[in-house]
Amino acid sequence: MKRNNLLIVSLVLILAFTFSLSALGQDDPIKIGAVNPLGDITGRQSTNAMELAVKEINANGGLLGRQVELVVVDSEFKPEKGAAAIDKLATVDEVDFFVGGMSSGVHMAQIPTLKKYKKITIWAGAASHQAEQAIGPDADWYFHLHPWDYQQGASYGRGWTAIAERNEEIDVGKVFLAYEEGAFGTDSYNAYKSMFASAQEGEGPFAEIMEDFAGASFKSAALGGGDYRAMLRQAKEYNPDLFIWAGYDADAVPLLAQTREVGFEPPLFVGAPPGWPQGFEANPLSDKVILYGMWAPALRQVNEPAAHFWEEYIKMHGERPATYFAPLGYTNIMYLAKGIREAGTLEKEALITALENTTYDSPLGTTLEMSPSNIIKHQGFTAQKILQYQNGKQHVIWPFDLSTSEIEYPYSF
Amino acid sequence: MSLSLKKTYTIILLLAIFMIIVGFWNPNALMDGLQRGSLYALIALPLALVLGILGVLNLAHGEFLTVGFYFIYMLNNKFGMDPLVSIIPTIIFLAILGGIIYYLTVKKVVNKGHLSQLLITFGVSLILMEVVNIIWTSQARNVYTQYAYASTEIGGFRFGTYELLYVLFAVAVLVGLQLFLKKTRLGQATFAVGQNPKGAKIVGINVEYVYLFVFSLAIAILGIVAGSMLPRTAIFPAVGSPFTLKSFALAAMAGLGNLNGILFAGILLGVGESAINYIPNYGGWSDIVFFGVLIIVIIARSYRGAK
Chain V
2 MKRNNLLIVS LVLILAFTFS LSALGQDDPI KIGAVNPLGD ITGRQSTNAM
52 ELAVKEINAN GGLLGRQVEL VVVDSEFKPE KGAAAIDKLA TVDEVDFFVG
102 GMSSGVHMAQ IPTLKKYKKI TIWAGAASHQ AEQAIGPDAD WYFHLHPWDY
152 QQGASYGRGW TAIAERNEEI DVGKVFLAYE EGAFGTDSYN AYKSMFASAQ
202 EGEGPFAEIM EDFAGASFKS AALGGGDYRA MLRQAKEYNP DLFIWAGYDA
252 DAVPLLAQTR EVGFEPPLFV GAPPGWPQGF EANPLSDKVI LYGMWAPALR
302 QVNEPAAHFW EEYIKMHGER PATYFAPLGY TNIMYLAKGI REAGTLEKEA
352 LITALENTTY DSPLGTTLEM SPSNIIKHQG FTAQKILQYQ NGKQHVIWPF
402 DLSTSEIEYP YSF
Chain Z
20 MSLSLKKTYT IILLLAIFMI IVGFWNPNAL MDGLQRGSLY ALIALPLALV
70 LGILGVLNLA HGEFLTVGFY FIYMLNNKFG MDPLVSIIPT IIFLAILGGI
120 IYYLTVKKVV NKGHLSQLLI TFGVSLILME VVNIIWTSQA RNVYTQYAYA
170 STEIGGFRFG TYELLYVLFA VAVLVGLQLF LKKTRLGQAT FAVGQNPKGA
220 KIVGINVEYV YLFVFSLAIA ILGIVAGSML PRTAIFPAVG SPFTLKSFAL
270 AAMAGLGNLN GILFAGILLG VGESAINYIP NYGGWSDIVF FGVLIIVIIA
320 RSYRGAK
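Protein sequences appear in the order of chains V and Z. Counting from 2, one number per residue, gives the positions in the first sequence under my numbering. Counting from 20, one number per residue, gives the positions in the second sequence under my numbering.
Bear in mind the hints are in silico, worked out from the structure with no lab data behind them. Remember, it's a predicted structure, so these values are computed and weren't measured experimentally. Backbone N, C-alpha and C define an ideal beta-carbon position, used for all residues, glycine too. Honestly, I wouldn't trust all of these hints.
Stretches of chain V that chain Z covers, calculated by requiring three or more beta carbons in the stretch to come under 8 Å of a beta carbon on chain Z [claimed, not checked]:
id : region
1  : 39–50
2  : 225–239
3  : 245–253
4  : 269–279
5  : 284–294
What the simulated footprint calls covered on chain Z by chain V, stretch by stretch (three residues with Cβ under 8 Å from a Cβ of chain V suffice, anywhere in the stretch; the number is not a length) [as the list claims (entries may be wrong)]:
id : region
6  : 43–55
7  : 157–169
8  : 259–265
9  : 285–298
10 : 302–308
Assemble the whole structure, with the sequences as input and the hints as a guide.
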């Protein structure tokens, strides 16, 4: 009898201990692991925005009764560090989810590691279709926010078609692409060449507007180049309606300045670098330059989530968001948080289903919802916006429902 | 330190013929190439000086240039100082920095093997680049000045005028270095150390001081490059790195210690590179041509040397 009592007491104690441990576990924060390049403005501001999102979530009681903790690792824009960061977050920090990041090159190196852990991943950046191919069709745990490169190209075609339809004086018939010699520029050139081939057959996003296409490469200042005069003289001779350059932020000012030097003044001057140099908007060369992006500060005039994000970000960090990776980073966390709330659990399958059905009104001005893209099941945003620098400010030109200004045309010095 | 007069005239004649051909084909290619080539020569001259006198290939050459850029950017940002005016304080700053780096690192390997020299200057280059990255981040920055993009038109031929400064500075630095080496006592001592350091020491020349002076002078000259180049370029932590390789290429093409040859080699490669850039769809070949010409010249010289 005594032995039975002892056994029962022991069992009760073990159960009590187990429950208390379990209860302790319930109090542990939900850990979100972020990988961003902190030395770059895109990564730094994206991380700042993620911290803002976590702060707001915790101020509102957290998720499922638990606080949220953001663990950030710097990728330094290096593939090997980006991949090691995923390992560290999974094994040392034991995070529940992965979020981040930027650069297709870094992401390509991270994908095998992400596949090893198969944790739910909400990835903000990386636009290359090669990254999509590397992820493959079976990764149901993977959610991608940034439009893929081919989706971006298609959205530019839709945008220019709409702009040309609305403004009779704007012609987008002759297109010239100046592209840097590396993978980024060459991919852009091949994408435009393919869109032009489709347009000649009456298909694709540029079918209604593109009549002719030419391109020339240049060596980016980022890779030791910086002399664009030969390429610009070729473009001047071609006399395009739409001039686009696909290079890096280091090319922006010297290239624009050299257009003046050679007297090249295309009616539409579009820059498509992944980022712009610091203080570019204040540079007199920026006026009337068109750019592609997911967000502009002026969006806060027409979109409530964008206004809220703008104010709170400045309040928390004492600086203005200057890159679309800031609202994208905020969206990254908020979308995951909304999915967790709707799932009511962290259980993987239930959460994947919830995220598939979650919509989120993002500060990028667009509602985020998942749909299949060419390969993966869960693609978020599918279009870029057409923006323009006007008097030191970025304005949204297209889509028209989010437009903050009319296009200033033609481009002139 | 110089080729024979006959050889020099032959090189000038061949270069002139090449430039006339390119000029007839496309005057813009000639002008752009002359300007770019002079810039390459201007950057390569100090590297060649260190290589010729100390026998050290400074792999941190480009990173010293980067530091010069950011120093001028800082002067412009904080005090509104024009980049061309900033050349003077930057020369002083880089001379001091060069002296310190020499004393702390290069001095230890001057008489050691080339591998030690390469490793230590490579280490310095990484440290300088990372320090710049930590302070200013990797985001590109610019100093915009309207005058740097001025152009002029003569008989329908339009060309940028600012980069003619590179030609002027390259010639001025070359002439200045030649005058220093031939006409001053310190210069003659430097020449002697470059020829035979042991012999120079025996006759009482302070070889250590000459090394320190030459290294500081070479880094200081990069202040001229940084000040004249900044209005035309964006800066970021790796901005100077590609110029180390190009400078070494020029030094190798010109031959060890041949400062005049650096200018000729720079212009030859600059015009060649520019000519390729002006051929539609072949712009990407310019680097291949640049290093292809270099290899041909080095092989040709080795055959001549063997004979």
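We went through each hint and held it up to the structure:
Under the rule that three or more residues need a Cβ within less than 8 Å of chain Z, the assignment of the region 39–50 of chain V holds, with 4 such residues. Coverage of the region 225–239 of chain V by chain Z holds. Counting CB-CB distances below 8 Å, 8 residues qualify, and the rule asks for three or more. With a cut-off of 8 Å between beta carbons, the region 245–253 of chain V has 5 residues touching chain Z; three or more are needed, and the interface restraint holds. Counting residues of the region 269–279 of chain V whose CB lies closer than 8 Å to any CB of chain Z gives 3, which reaches the minimum of 3, so the coverage claim holds.
Counting residues of the region 284–294 of chain V whose CB falls under 8 Å from any CB of chain Z gives 3; the rule of at least 3 is met. For the region 43–55 of chain Z, the stated coverage by chain V is satisfied: 4 residues place a CB nearer than 8 Å to a CB of that chain, which reaches the threshold of 3. Only residues whose beta carbon comes within less than 8 Å of a beta carbon in chain V count, and the region 157–169 of chain Z has 9; three or more means the coverage holds. Restraint check on the region 259–265 of chain Z versus chain V: 4 residues with Cβ-Cβ distances below 8 Å, three needed, restraint holds.
With 3 residues having a beta carbon nearer than 8 Å to a beta carbon of chain V, the region 285–298 of chain Z meets the requirement of three or more and the stated coverage holds. Requiring three or more residues with a Cβ within less than 8 Å of a Cβ of chain V, the coverage given for the region 302–308 of chain Z holds, as 4 such residues are present.
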